[in-house]
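*Asks:* As a plain string of letters, each chain reads:
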Amino acid sequence: IVLKILPNLGLGDRIPSHQELERMEKEEAGDRPKWDNKTQYMLTCVGFCVGLGNVWRFPYLCQSHGGGAFMIPFLILLVLEGIPLLHLEFAIGQRLRSGSVGVWTAINPYLTGVGIASLLVSFLVGMYYNTIIAWVMWYFFNSFQNPLPWSQCPVNANLTDLVSECTRSSPVDYFWYRDTLNTSTSIGDSGGLQWWMVLCLLCAWLLLYVCCLRGIATTGKAVYVTSTLPYVVLTIFLIRGLTLKGSLDGIKFLFTPDLNELMNPSTWLDAGAQVFYSFSLAFGGLISFSSYNSVHNNCEQDAVIISIINGFTSVYSATVIYSIIGFRATERFDDCLEGNILALLNAFNLAEGSIKEGNYAESLQNLNGTFPETIQSLDLKTCDLQTFLSQGVEGTGLAFIVFTEAITKMPVSPLWSILFFIMLFCLGLSTMFGSIEGTVVPLQDLNIFPKRWPKEAITGIVCLVSFVIALIFAQSSGNYWLALFDSFAGSIPLLVIAFCEMIAVVYIYGIDRFNKDIEFMIGHKPNLFWQVTWRFVSPLIVLVIFVFYFVTKVSSNVTYIAWNPSSEDFPTLEVLEYPAWIYVIIFILAGVPSLVVPGTAIFKLIRRCCSNKNVYGAEVDTVSAKVQMFTTKMS
Amino acid sequence: MISYVFWGSLALSGIKEGMLVWILFLLCQVGAPALAQDLCQRDAPNGYKVRISLKTALGEDAYEWNQSEMFFFQATMAFAMRRHFQMETYNVDNIILCVQTSRVSFWFVVTSPDNTTMLIPKADVEKAVRMSRHRINNAFLLSDRTLEFLGIYPTLAAPVNPDTPPWLIVFGVVIGAVCVGIIALLISSLLQKRRKEKGMTEDGQDEEDMQVKGVENGINLDGTYNRGFTDDDRFTKL
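The listed protein sequences derive, respectively, from chains A and B. Going by full-length UniProt numbering, 248 is the number at position 248 of the first sequence; the sequence numbering is gapless. Going by full-length UniProt numbering, 62 is the number at position 62 of the second sequence; the sequence numbering is gapless.
Calculated directly from the structure, the hints in this document are not laboratory data. Beta carbons are placed, not taken as given, at the ideal position from N, Cα and C, and that holds for glycine. One or more of the hints may lead you astray.
[Said to hold, decoys possible] Which residues of chain A face chain B? A partial, calculated answer using Cβ under 7 Å: (1) 12; (2) 71; (3) 72; (4) 75; (5) 141; (6) 142; (7) 145; (8) 147; (9) 203; (10) 206; (11) 210; (12) 333; (13) 349; (14) 352.
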């Protein structure tokens with residue numbers, strides 16, 4: 001059953017025909033930028049897709065949802081959701097030769113809202129993502145000293161003892177929450193700007209600006225480093241990790257399958273969400289990048305290759321991360337056991353070496369039998385390797401607390417720290433290129449800025465405005481704001497946009513026309529797999545994920561976790577509820593981009609009714625569309 | 001020495017008194033260590049417990065802890081006391097050790113050189129140990145952690161505060177390079193644009209002539225030259 005295609009007048013006037021595309025291809029007379037070679041394009045797309053999420057979200061999901069068994073839903077949804085959506089974005093960008101606003105406006109002027117929503121999401125996500133890069137840079141700058149500043153607690157002001165906040169938690173926690181963030185106790189308590197964070201933020205935005213200055217002319221060169229270096233570093237860490245004690249325990253723990261988790265619907269939901277966000281879909285950046293390709297580029301092959309690379313990178317980095325986590329867990333376990341053994345030796349004045357790891361349990365039992373009160377008073381800790389391994393941490397906690405702690409235990413720590421943070425920096429920066437592309441190109445298409453302004457100026461303004469707004473994240477409460485942005489700006493709107501994209505291409509643009517376009521571009525019609533996934537399967541999956549996400553977020557009490565040294569459970573993070581005024585911010589972050597999609601359509605409808613102008617005819621507001629009109633007029 | 005006393009006391013007084021003196025003397029000789037034992041005991045009010053972890057500190061190279069090492073400890077402590085008080089001459093006899101265990105741990109007290117029954121107060125002993133802690137540690141090839149005086153906390157090393165924090169230096173280098181990069185790229189864009197504009201105004205005239213002349217100069221022009229695209233910089237627009 002094929003849904004009747006919605007009426008779409010004047011489509012032929014808004015988009016270049018196949019003959020026009022051929023001619024543009026031959027003459028090379030378009031003023032769109034072009035990729036220097038296919039490698040640049042592939043590396044840019046891989047860099048955009050492969051980001052921090054592959055390193056710190058996927059391993060956590062994998063381990064917490066049944067280890068090796070998680071691969072099954074992940075791979076299934078990769079094939080059913082990720083690859084089709086990716087192919088769709090590549091194909092439509094390559095065909096209509098425009099950024100996100102241009103593409104959706106060309107399909108139907110009432111769909112401009114989808115492009116604007118992509119613009120808003122790219123802008124908001126770019127702001128907080130670059131702040132994470134600023135944090136990575138701060139750690140990178142601090143890695144050039146031995147011993148590393150997060151390896152030991154600092155001494156307090158009168159040199160009598162170590163700082164209590166540090167001794168109660170840990171040096172890595174203290175360095176992250178106090179020295180780096182100087183975090184306040186709640187999101188309402190702003191605490192002022194932290195000057196060192198402002199400097200790092202400035203550095204991050206300036207570095208991004210220098211790479212994105214001229215669009216793909218500069219980013220195309222930068223990606224040779226930023227997209228390849230992470231793989232090199234991951235391999236180095238894998239080799240280093242495998243030579244450390246306990247690494248194989250970590251890898252075994254990661255991949256041990258628990259097939260019961262497959263019955264749990266949240267496993268499938270998390271897998272679907274991870275595939276979706278991991279591909280950086282609906283940002284508009286991929287459409288833009290693909291539009292700089294030649295018309296006959298094989299986008300189907302590209303989509304499959306990039307999906308495979310993305311999936312492989314997730315699994316590879318999970319292996320590396322968990323080999324290091326296994327090492328850290330083993331170290332912690334050994335320290336815990338050593339502490340207990342020392343306590344026993346000291347209490348009973350036994351000779352050193354009389355209790356070892358091997359006979360610990362036995363000796364403890366004997367002593368407990370004879371002196372139970374003494375054993376009680378010692379308050380021995382329970383040391384369990386599995387507990388340490390399953391201290392599943394994700395996100396910033398993994399990178400800045402768990403991994404940094406593991407690094408301090410390795411010999412030549414500064415070197416590993418520098419390598420690790422360079423890798424995170426490259427992963428983040430290459431994703432930011434796509435974000436900036438998804439922000440700047442729609443702004444140009446919407447003619448927000450005068451046309452004679454060069455791209456350097458527009459990119460500069462975008463970076464400057466983002467930097468100024470991102471100063472929110474440089475406050476004491478910045479960490480909480482970032483978590484807020486991460487939960488709301490980068491989740492629901494993307495699902496809405498992706499769903500609208502698929503409906504727009506399949507039912508408004510027309511799947512038959514789309515099939516013919518692809519046949520024109522790559523030489524053969526897309527096969528049954530693509531037809532089924534584009535028409536039903538992928539939109540359905542995205543819709544299901546969206547509904548569940550929305551329902552979960554709306555029904556649950558929205559809380560956040562805060563670092564409060566004076567709380568009772570310190571160092572466990574305190575769970576706080578958001579104040580009432582935060583809900584306004586949440587609405588701005590999640591609601592506005594989503595509502596822009598129908599909102600723009602209604603706005604245009606009202607404008608059309610009021611002014612009685614023909615929306616479909618002459619009113620094309622994209623630069624590239626104007627070029628195509630120009631070329632048709634020339635012939 | 002005892003024989004001299006014996007014969008001396010016998011000579012000085014009658015045999016009976018001599019025996020009494022002799023018995024008293026013997027008691028003193030036996031009693032003195034007993035008295036010392038009373039001074040030094042577990043949880044003595046003026047004593048400290050020492051705990052030594054040789055295997056943790058030295059691993060394979062750990063030496064055996066025996067009576068000679070105990071004597072060495074007494075000598076080191078006597079040195080520490082001398083160093084602190086400076087006037088008084090402490091001796092190894094002034095350091096009394098007891099309650100040795102196989103851990104290795106033991107208790108010690110310090111007696112005054114003038115009066116062997118009087119103990120030096122805890123606070124003074126602590127001051128002496130703190131002053132010479134480094135020397136004591138090094139004498140035994142141990143550290144603050146492996147040679148513990150329970151109750152005397154090691155003084156923390158003063159933090160090294162460099163004038164400029166190291167991270168600021170790296171930051172300066174990176175931001176300097178980035179600013180240079182930005183300025184270089186912007187200037188090169190500007191120059192490129194200016195060059196194109198200059199080239200345009202010069203070629204503009206020639207192009208018109210070429211169009212009119214057509215193939216005259218041997219240059220084959222494919223179709224008409226589309227000047228609509230000439231003033232677009234390929235790389236910066238769109």
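*Asks:* Are there hints from earlier that the structure breaks, and if so, what are their numbers?
*Replies:* The structure conflicts with hints 1, 2, 3, 4, 8 and 12, although it agrees with all the remaining ones.
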